[in-house]
Amino acid sequence: MTTTEDGILIRTTINGDPTTFLASQRDSLLEALRERLNMTGSKEGCNNGNCGACSVLLDGRLVNSCLVLAAEVEGARVDTIEGMAEGEQLHPLQRAFLEEAALQCGICTPGFLVASRALLAENPRPTEEEARFWLAGNLCRCTGYDKIIRAVLKAAGEMDGKR
Amino acid sequence: MVSTEKPQYRVIGTSPVRPDGVDKVTGRAEYGADIKLEGLLYGAVLRSPHAHAVIKRIDTSKAAALPGVKAVVINADFPAQASGDLDLGEGRANPMWLVDNVLAGSKVLYHGHAVAAVAATDLHVAEDALALIEVEYEVLPAVIEVREAMLETAPVLHPELRTNVRARGAPAAADRPTNVALHMRVEKGDVAAGFAEADVVIEREFTTSQFHQGYIEPQNATAFWNRDGEVTVWTSTQGAFSVRDQVAALLKVGVGHIKVVPMEIGGGFGGKINVYLEPVAALLSRKTGRPVKMWMPRADVIRATGPTSSTFNRVKIGAKKDGTITAIHAYLAYAAGAYPGSSVGAGVSCATAPYSLDNVLIDGFDVVTNTPKTAAYRAPGAPASEYAVEATLDEVAEALEMDKMDLRLKNAAKEGATNAMGQPLAKIGAVEVMQAVKSHPHYTSEIQGEDIGRGVAMGFWFNGGMETSSSATVYQDGTVGLVLGSTDIGGTRASLAMQLAENLGLTMEDIKPQVVDTDTVGYTAVTGGSRTTFAGGWVAYDLGEDIKKRLVDRAARIWSVPVDQVRYEDGGVSGPAAEDGSARRLSFQEIAGKLQGSGGLIAVSATSRRNTQGAAFAGHIVDVHVDRETGKVSILRYTAIQDVGTAIHPAYVEGQIQGGVVQGIGMALNEEYYYDDEGHMLNASLLDYRIPVANDVPMIETVLVEVPNPGHPYGVRGVGEVPIVPPQPAIRNAVADAIGVKLYHTPMTPARILDELLPRE
Amino acid sequence: MQAVRYARASSVDEAITMLREGGETARVLAGGTDVIVQARERRRHIDLFVDIKHIPELMSLTLDAGGGLTVGAATPLYRVYGDAEVTRRFSALAESTHVIGGTAIQGRASLGGNLANASPAADSIPAMIALGAVARVAGPAGPREVSVADFCTGPGRNVLQPGEFITSIHFPARPAGSGSAWERFIPRNEMDIAVVNAAVSLTLAGDVVTEARFSLGAVAPIPLSVPTAAEALVGRPLTDATIAAADEAAKAAATPISDMRGTIRQRKHLSAVLTERVIRRAVERARA
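Residue numbers (numbering that gives the first Met the number 0), protein chains in the order written: chain A, 0 to 162; chain B, 0 to 760; chain C, 0 to 287.
In case anyone wonders, no lab produced these hints; they're calculated from the structure. None of the hints are false.
Listed next, the in silico SDA-like pairs over lysine to any residue satisfying Cα-Cα at most 20 Å (straight line):
id, chain 1, residue 1, chain 2, residue 2
1, B, 35, A, 35
2, C, 267, B, 754
3, C, 267, B, 627
4, B, 437, B, 401
5, C, 250, B, 754
6, A, 153, B, 698
7, B, 35, A, 81
8, B, 5, B, 425
9, B, 547, B, 474
10, A, 153, B, 14
11, B, 106, B, 677
12, B, 35, A, 20
13, C, 250, B, 756
14, B, 61, C, 41
15, A, 153, B, 21
16, C, 250, B, 627
17, B, 437, B, 321
18, A, 153, B, 15
19, A, 153, B, 16
20, B, 511, A, 98
21, B, 61, C, 1
22, C, 267, B, 751
23, A, 153, B, 697
24, C, 267, B, 756
25, B, 35, A, 36
26, C, 267, B, 755
Let the hints inform the model, and build the full structure from the sequences given.
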């Protein structure tokens, strides 16, 4: 980590790629991703940890990127929505969200996908109640959650079945 | 699905994956705030800490001098505006008020009212600059409650405002300052005679809080005012043309010099029609010669963009022993917020619309208050007035000892009957929906357990028609480009492509829809009013008819046969048998491949202004549990039944209904604006403005009743808005059933319910 | 975000030095879920964040041989409720940490941060008070210990002196026959600030309560210890009447205000309701 008066050079790993970027010491991880790195898949919905639209994984753990300083990710591993599909293949959760019509406007979708991925990593076959509890920090105003929860449970079934 | 007279469709009624889907699950879709341009500046807005104050002085010099700051603007930077009338599609705006809402003029009228804006090289610097702007205020008393604002003694927001009386028989307004902008009236029959006939008369008063649309994407705008005078605005909006027209009016620039590029939109629900940041970003760009990007912090979204009206509604219903409603009299007062123009008109029109009545009198009042200027929100105006009527009706049913659905069925609106405005009703599904409610296993099941209750309520919404334009091009590989002016807020690329595919006998995947800017397609009204699948569908149908006709012409030329011997059928053209006896047949793909060699590709365009949209009816059933110790309501089971005309994409129709229901649950239980005594809005966060979270709600069962709209080639009715109407009364009626406590205010928070349950103090 | 610098400490001593050099506008950064928002919204003047998450002992969670529990001040909450032994023995703590914010908040937020933030409605503080927790503090004048019950001095205010910070929270071993429970009331089912929260830890010998510690949150300027509720139970057999007496004592101890999150009447009433609920659940656990 190299710091100047305001700027800071950060070395990190994003979606598996070693990445070095210059940010302001005032930047949140979300701001750095969006405005410095042009990775705009993580969304700003509230900028204070209440909506989950900016969800990313930090060293494998689900966090709100609006509540992480960019400087904090020096030496860490960050995983965002941009790294969820592998090659030509969508992640099973991404496929399930499309097939189950789990998005309308789509602004909360990246956050839900990242959070759901973290859920299934920890609990491969969640119940409806467990999925709703885990995702309570991710707000969706369009769908009423019904089809999102169905998509998560469907993807869980598919992924667990292949294990 | 309950269907009547539905033709066999190939594409309509299936649920394919939307064309924009992959971009939205991979993070590639570009929403307004995602834009990046060379030389981009960042804008930020200073907002009023007071609910009502005169701006005595603004000094922006220190802010302007901060390194990195490129421009500061205030209201005086806008051209002066005279009173006027702009059609926004869902609602109207007076540019004289609108400009002062965008940046406050001589007064600030609500906490969070924009006062000045800054553009800087970095957002952090822009925010630093806001802290350096000096504003001297003379604080005035504020008025928040609609009934208080109507009092003669209330603080006056606009000294020049007089009541516009549009009520036959009502006294003319006094020529004195008032907060009552409008008194309107709808009258049919003779309510006095109707009440005289009644065996039961029940009169109740209701209040509702302000509710915010709660879209997850904050308002945003990026503008570039080029030095040749051409302005480009990138924004997340429900109506690119509406934004263009508002920006043109506020900046006094011809619409031909403004191009609005609609980005993907992260929810709107009516709240992304009015402009807030767009004209400000344009002004900042003009001053700097650089593109300026702005987006609102969440607190600004809640404090300064359109919530609904708070309302006070009195409803009086008279009925005979057999359930016939003899008269309804309603008094509806809606807070417009800081400037005139609430949705009380729609509240008046919808209040009694599910029922055919002989005697109706409804007075509506539009009242300004020191709260944010209201904006459209999903069936704007309808939830509050219909809540009051549906809740009172439940008490009528109770007094008559009548089944709640029997009472409603007895009075159901039917084709040919007239509504409260005296207009005859077209084919509508009110009776079908009510019957589906009454026979649904949810309604007929036994309630098991203590403190559990069931409620029902109906809902009505007009749906919109209005203007839509599109064009289409047949490509040589057999696909069809479909150019849309309607921004896609929840799957309309799919629902419109499906209708064109149906007409051409193709698959949805053969159609390539794209949403384009205002320079690239004909005028298209907002995505709102549940109009897009209806009106866009009509245009898609017209485009399909035109394409088919031209393909028939082309096939006739290719085959050298008379046009009248060629038919378009089953996704291709067929002609008379050839001389060797073989069938003349070209699939769509085959003839598309021959277009370039036979006269060129086919491009068509169409515009529709039809207003044959057909109304929407919904009936909801809900079971709730009330915790008597805490006053908390849990939604145990929810069934939403709705006449959807024809479900083009059933999964998306279900999604619209489920989303509307859960927004309505939020209104019923926990969403509200909380003000202190000075009018400060205190809960401007998604923590304290409590929209439902994933584990607040169960799965929402939907029943799609299909009564095709005769005014549409595929029977489409709008579906998006009406599902937000019944939840408030249905849940209120269920709470009454569960614990015997009748509430007259929404939201029914735990504190309010507990207040009723605890012993009187 | 206000103008702020970021520094990373790798030891307690280094953090002490950084904070001393930073002066009064330097703040410790643990999970950041409160302090980053405060800095962004300019509610507090902060010009230096000292990140303490790279100090190994501050990220630890240790159950010692004697049955005591020590949680590093910056250890994320998911590791607290995610530990089966913590959940079994320190149930109130697990219950409270499992519902602070959403899952993503729990990936970052910490006990030290929740305590230092000193919100009257903080969810984990009543659980810590009921479990008799002690905050271990480091600073320029050397380490010291402060009972969590004595830690908060007002909304957003605490006993920390300039340059001091919490290094860990220590929970004493649980006597045999003990149980604890925590519950809050919120309008939604998640993602809310408590209208009231309540915790109890109690020890049973047969049917008699030998020890009890109660705490209530969001009913006073600081999370409250409620010794009067304990007095209503301790030394007495557990009956509906003694439980009701404890409920009433809790209600009497509550001195709430009315604000946008709740009313005085509601909070007084809920103090009794939640106290009853946590007693009954703690008793079940003590007997299990």
